[in-house]
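Chain A is already provided as a structure; the job is to place chains B and C on it using the hints.
Letter by letter, the chains look like this.
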Amino acid sequence: MSAALDIQGLTTRFDTRGGTVTAVDDVSFSVDRGRIMGLVGESGSGKSVTGFSILGLIDEPGRVTDGRVIVEETDLRSLSPDHLRSMRGRKVSMVFQDPMMTLNPVLRIGDQMAMAVRVHEPMSKAKALERARDALGTVGIPSPEERLAAYPHQLSGGMRQRVAIATALLHRPAVIIADEPTTALDVSIQGQILAEVRRLADETHTAIVWITHDLAVVSSLADDICVMYAGKIVERGTAEEVIGQPRHPYTRGLLDSVPGQHAPGTHLPQIPGSTPQLSHLPSGCPFRNRCPRATQLCASAPPLARFGDHTALCHHPLETT
Amino acid sequence: MTAPLLEIDTVSKRFPLKATLADKVAARLAGRSAGGAVHAVTDVSLTVERGEVVGVVGESGCGKSTLGRIVSGIYAPTEGTVLLDGKPVATGREDHVNKLTTRVQMIHQDPFASLNPRMKVGETISEGPRTHGIVSAAEVGDKTRALLEQVGLRGDYADRLPHQFSGGQRQRIAIARALAMQPDLLVLDEAVASLDVSIQAQVLNLFLDLRRDLGLTALFISHDLSVVRHVCDRVAIMYLGRVVELASAERLYAEPKHPYTQALFASVPTLGTGRQDFRPIKGEIPSPIDPPPGCAFHPRCPFAGPRCRVEIPRLTDAGAGRTVACHLNDGGVGQEAAA
Amino acid sequence: MSDVATTTGETLAEPAAAPIETRAMRIKNFWSDFRASKVAVAALVVIVTLLVLAFGAPLVAPQDPYDMAMLDWLDAFLRPGEVGTGGYVHVLGTDNAGRDMLSAIFYGLRTSFTIGLSAGALALVIGISVGLTAAYFGGRVESLLMRIIDLQLSMPAILLALVLVAVLGQGVIQIILALVVAQYAYFARTTHGAATVERGKDYIEAARATPLPTWRVLFKHLLPNVLPPLIVVATVQVASAIALEATLSFLGVGLPLTEPSLGSLISNGFKYIHSDRYWLSIYPGIFLMITVVAINLVGDQVRTVLDPRHAR
Numbered sequence: 000m001s002a003a004l005d006i007q008g009l010t011t012r013f014d015t016r017g018g019t020v021t022a023v024d025d026v027s028f029s030v031d032r033g034r035i036m037g038l039v040g041e042s043g044s045g046k047s048v049t050g051f052s053i054l055g056l057i058d059e060p061g062r063v064t065d066g067r068v069i070v071e072e073t074d075l076r077s078l079s080p081d082h083l084r085s086m087r088g089r090k091v092s093m094v095f096q097d098p099m100m101t102l103n104p105v106l107r108i109g110d111q112m113a114m115a116v117r118v119h120e121p122m123s124k125a126k127a128l129e130r131a132r133d134a135l136g137t138v139g140i141p142s143p144e145e146r147l148a149a150y151p152h153q154l155s156g157g158m159r160q161r162v163a164i165a166t167a168l169l170h171r172p173a174v175i176i177a178d179e180p181t182t183a184l185d186v187s188i189q190g191q192i193l194a195e196v197r198r199l200a201d202e203t204h205t206a207i208v209w210i211t212h213d214l215a216v217v218s219s220l221a222d223d224i225c226v227m228y229a230g231k232i233v234e235r236g237t238a239e240e241v242i243g244q245p246r247h248p249y250t251r252g253l254l255d256s257v258p259g260q261h262a263p264g265t266h267l268p269q270i271p272g273s274t275p276q277l278s279h280l281p282s283g284c285p286f287r288n289r290c291p292r293a294t295q296l297c298a299s300a301p302p303l304a305r306f307g308d309h310t311a312l313c314h315h316p317l318e319t320t
Numbered sequence: 000m001t002a003p004l005l006e007i008d009t010v011s012k013r014f015p016l017k018a019t020l021a022d023k024v025a026a027r028l029a030g031r032s033a034g035g036a037v038h039a040v041t042d043v044s045l046t047v048e049r050g051e052v053v054g055v056v057g058e059s060g061c062g063k064s065t066l067g068r069i070v071s072g073i074y075a076p077t078e079g080t081v082l083l084d085g086k087p088v089a090t091g092r093e094d095h096v097n098k099l100t101t102r103v104q105m106i107h108q109d110p111f112a113s114l115n116p117r118m119k120v121g122e123t124i125s126e127g128p129r130t131h132g133i134v135s136a137a138e139v140g141d142k143t144r145a146l147l148e149q150v151g152l153r154g155d156y157a158d159r160l161p162h163q164f165s166g167g168q169r170q171r172i173a174i175a176r177a178l179a180m181q182p183d184l185l186v187l188d189e190a191v192a193s194l195d196v197s198i199q200a201q202v203l204n205l206f207l208d209l210r211r212d213l214g215l216t217a218l219f220i221s222h223d224l225s226v227v228r229h230v231c232d233r234v235a236i237m238y239l240g241r242v243v244e245l246a247s248a249e250r251l252y253a254e255p256k257h258p259y260t261q262a263l264f265a266s267v268p269t270l271g272t273g274r275q276d277f278r279p280i281k282g283e284i285p286s287p288i289d290p291p292p293g294c295a296f297h298p299r300c301p302f303a304g305p306r307c308r309v310e311i312p313r314l315t316d317a318g319a320g321r322t323v324a325c326h327l328n329d330g331g332v333g334q335e336a337a338a
Numbered sequence: 000m001s002d003v004a005t006t007t008g009e010t011l012a013e014p015a016a017a018p019i020e021t022r023a024m025r026i027k028n029f030w031s032d033f034r035a036s037k038v039a040v041a042a043l044v045v046i047v048t049l050l051v052l053a054f055g056a057p058l059v060a061p062q063d064p065y066d067m068a069m070l071d072w073l074d075a076f077l078r079p080g081e082v083g084t085g086g087y088v089h090v091l092g093t094d095n096a097g098r099d100m101l102s103a104i105f106y107g108l109r110t111s112f113t114i115g116l117s118a119g120a121l122a123l124v125i126g127i128s129v130g131l132t133a134a135y136f137g138g139r140v141e142s143l144l145m146r147i148i149d150l151q152l153s154m155p156a157i158l159l160a161l162v163l164v165a166v167l168g169q170g171v172i173q174i175i176l177a178l179v180v181a182q183y184a185y186f187a188r189t190t191h192g193a194a195t196v197e198r199g200k201d202y203i204e205a206a207r208a209t210p211l212p213t214w215r216v217l218f219k220h221l222l223p224n225v226l227p228p229l230i231v232v233a234t235v236q237v238a239s240a241i242a243l244e245a246t247l248s249f250l251g252v253g254l255p256l257t258e259p260s261l262g263s264l265i266s267n268g269f270k271y272i273h274s275d276r277y278w279l280s281i282y283p284g285i286f287l288m289i290t291v292v293a294i295n296l297v298g299d300q301v302r303t304v305l306d307p308r309h310a311r
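Residue numbers (numbering that gives the first Met the number 0), protein chains in the order written: chain A, 0 to 320; chain B, 0 to 338; chain C, 0 to 311.
Here chain A stands alone, though its shape is the one from the complex (with noise of 0.2 Å):
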């Protein structure tokens, strides 16, 4: 079966005033159908960034430069920007952490449900409504038909990211993009919208790109997991293989500094100093002037590290803990 999403060598630079960075530095992940990718990093990691990129919501300064993005057979980047607007919504979807990125406040639900279905296929009003009543079903809305006569502002944050993600349904397309949708939300509402997340997977088949700060998150979501630092994937794996056996220095610290698995009171692990700036990279592996295991061989470029299908951009991997 080939993937849902194939991205290849995706590479977004930003033009600033300190010179020209790169946000996203040839990044390669694929996700079959059916499958819940989770791409972890810290602010600043360029987890978001790859995300717009592969939509082609980059706007000036910012400009991907290279790569591939294969969306069933298609490369989005190959495409007229008509022709990926119509792929939009209709192929590959994305759910931003603010709903009311994507909800227009001043339209019904149903209306404007109904007018994302129309956009991409014609057909009749009430037909469009039904179709908008049946996604928000599927997310688990309660009352569906009472919530297409509502305006976003009379809904709930959870609420409000529900309708978005029903949203992004519509047109069942092939992948979503979901971009730490459930960062706003209270620990209940999102573990019930995690819970119908995990549920779609199943039942559509779509694949999922599960775009977060939040290890616990990903780790009890995602099957895959890619971690993100200074714009580059520096390791990839299964959920298990990457939370179970972390290979990355990088990640094991991070796996590391979340509390809850220490004794109350002890001092956590840490990372030493802050995430960096792109504009301001020491050679070689972005990592090194933080890492415990860095040597002078980590100035230079760190090759990927195999594990079977678990990499690790690394000099120095962890071998087996």
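If you are wondering where the hints come from, they were derived from the structure by calculation, not from laboratory data.
Please note that a few of the clues may not be correct.
Unchecked claim - Dumping the calculated DSS-like pairs for lysine-lysine here, alpha-carbon to alpha-carbon at most 27 Å: (1) B:86 - B:17; (2) B:86 - B:119; (3) B:98 - C:37; (4) C:27 - C:37; (5) C:27 - B:119; (6) B:86 - B:98; (7) C:219 - B:119; (8) A:90 - A:126; (9) B:98 - C:27; (10) C:219 - C:27; (11) B:142 - B:119; (12) B:119 - C:200; (13) A:124 - A:90; (14) C:219 - C:200; (15) C:27 - B:142; (16) B:98 - B:142; (17) B:17 - C:200.
What you are looking at is a predicted structure, and each value in this text was computed from that prediction instead of being measured.
Below, chains B and C alone, put in the same frame as chain A:
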């Protein structure tokens, strides 16, 4: 036994809603009075002993941040008192609050918003102690540098502006600003919530170090259960303005008693391998403008009975210093099977 | 190593990583953004030139047009380019009293700038005080002050200025006062808007929770953060003060001809505009237009550069 450092005694805070003209007309026509209120905090009592770190945990709208601001002297409570060493923290009503003490200091969630972007960090740290005569003009420079070093920054950073620092560094500066006032009590309002995991660990370690070195007393407000477990001695769980469970961290995490606490623990994703089965709480958090009658949690509670719909549960003793506000712990929920 | 890292962790990777931006660099960046618009740079050059000509008028003008002893009736109504009894070319001609128009315009510019700048500065100070007070204290104080401001802004500034000048009488001080009263409301409203946004931010709450005295919160915390939008309003208001003063003088209620401004020059020349002696009012008019347009162009570019959405 000596008196606790901080005594919060049956504190309530309501924010009146501004009624628009249209609301007033509609209310008049419907024959009711216009303008409700947000019941942010209702009947909260809590004490903090010297040297203790008490966690306040809850979801949005539970009133934890409002409680923190009342303790910090930013808001005055609508009812009840907040005493630090037996003396009130602030006087005043609604808009005009007069803070009486410098001994409670607060650390905000967002270090990008809590530092004046146009003031050098040295002045940000030193202006409080200087205006209150805590340090003399002669030693203010040395003191500021010492504080910066104490929070793990370089002393010569005093001459820089906040935008030259990362989020973690800014939060250290905010901590230095609070410590400069030599407070007896720190209120940390989601102080690590906006930081990246690796930076969050650094700041939590700093807090633990400072606690050990300075014997800090703190009210630690957070939505993050694992962070709270790591740094707090006792934990209060809040739901819709009320404390529903209060226990030592150890006991609470070992065995949550209140159905809401249990549900909260069950919905938190944990770090582990393999997919997790979420057992989410059903329904949404009700609005604090119009909280449900009886127990505020009853519409979402799997154990709710008829008594829960009419009678507000009181905090009752559940043994070993734990108190729980649930009818299950206080004579049962009444007849009729749970829905 | 790892023990050191526990509390001083952030400093380890520090020196190379932090971008150090000094005040000098901020100004440099501001200038390089400002320079992006050629029109704005040209306008700035024009303003600086006009300022030099206006305030250096006694040095650069060929004649002191208000020294009656220097004027000669024989020189009246000389066309631009003609040579008068003084033996030099009157580049822009002379007026009905034999004044060199170019000199009169330079002196007039000086009056206009003096009035515009001082009225703008005073209105800024008063407007900031009113706006900050309203935003910080809120409640009834805010309602009362802002209703007054709204009421005033609903009236045309020129009308208010006319009434005030009629009451106060003619003269530079009176005009400045009238302009201040007519214009402070714009500053007050902008200050109030910006301060209301800033007031809700955590750093103000942190300052109040320290607690710091009210004056300190107002002037050390709130004020520096509401200044940028006010700079833009200030430039535009200086231009509008100059234009307002010219209008008042043109209508004959502004400055007497003994204290000439561009407005009174236009007014004086207007009598002759139908008798082919166009230069008496056209040239002061052109200078007025250039001044006002140039200030507005610079103000627009400052607004663009200071706009946070513009930041890269």
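Verification of the supplied hints:
Pair hint residue 86 of chain B plus residue 17 of chain B does not hold up; C-alpha atoms about 32 Å apart against a cutoff of 27 Å. For the hint linking residue 86 of chain B to residue 119 of chain B, the alpha-carbon distance of about 34 Å lies beyond 27 Å, and the restraint is violated. Taking the CA atoms of residue 98 of chain B and residue 37 of chain C, the gap is about 53 Å. The hint is violated against a cut of 27 Å. Of the supplied pair hints, the one linking residue 27 of chain C and residue 37 of chain C holds, its CA atoms being roughly 17 Å apart against a limit of 27 Å.
A hinted pair counts as satisfied when its Cα atoms are at most 27 Å apart, and residue 27 of chain C with residue 119 of chain B qualifies at roughly 20 Å. Taking the CA atoms of residue 86 of chain B and residue 98 of chain B, the gap is near 12 Å; set against the 27 Å cutoff, the hint holds. Taken as a hint, the residue 219 of chain C and residue 119 of chain B pair is honoured in the structure, with Cα atoms around 11 Å apart against an allowance of 27 Å. Pair hint residue 90 of chain A plus residue 126 of chain A holds up; C-alpha atoms about 20 Å apart against a cutoff of 27 Å.
Of the pairs offered as hints, the one joining residue 98 of chain B and residue 27 of chain C is violated, with about 42 Å between alpha carbons and a cut-off of 27 Å exceeded. A hinted pair counts as satisfied when its Cα atoms are at most 27 Å apart, and residue 219 of chain C with residue 27 of chain C qualifies at roughly 25 Å. Our distance criterion of 27 Å between C-alpha atoms is met by residue 142 of chain B and residue 119 of chain B, whose separation comes to about 15 Å. For the suggested pair residue 119 of chain B and residue 200 of chain C, the alpha carbons sit about 18 Å apart, so the restraint of at most 27 Å is met.
For the given pair, residue 124 of chain A sits about 22 Å from residue 90 of chain A by alpha-carbon distance, which is consistent with the 27 Å threshold. A distance of roughly 15 Å separates the Cα atoms of residue 219 of chain C and residue 200 of chain C; the hinted pair therefore holds under the 27 Å criterion. A threshold of 27 Å between alpha carbons decides the hint, and for residue 27 of chain C with residue 142 of chain B the separation of about 33 Å lies outside it, so the pair is violated. Between residue 98 of chain B and residue 142 of chain B the alpha-carbon distance is near 25 Å, which keeps this suggested pair within the 27 Å criterion.
Note on residue 17 of chain B and residue 200 of chain C: the hinted pairing holds, with a Cα-Cα distance of about 21 Å set against a maximum of 27 Å.
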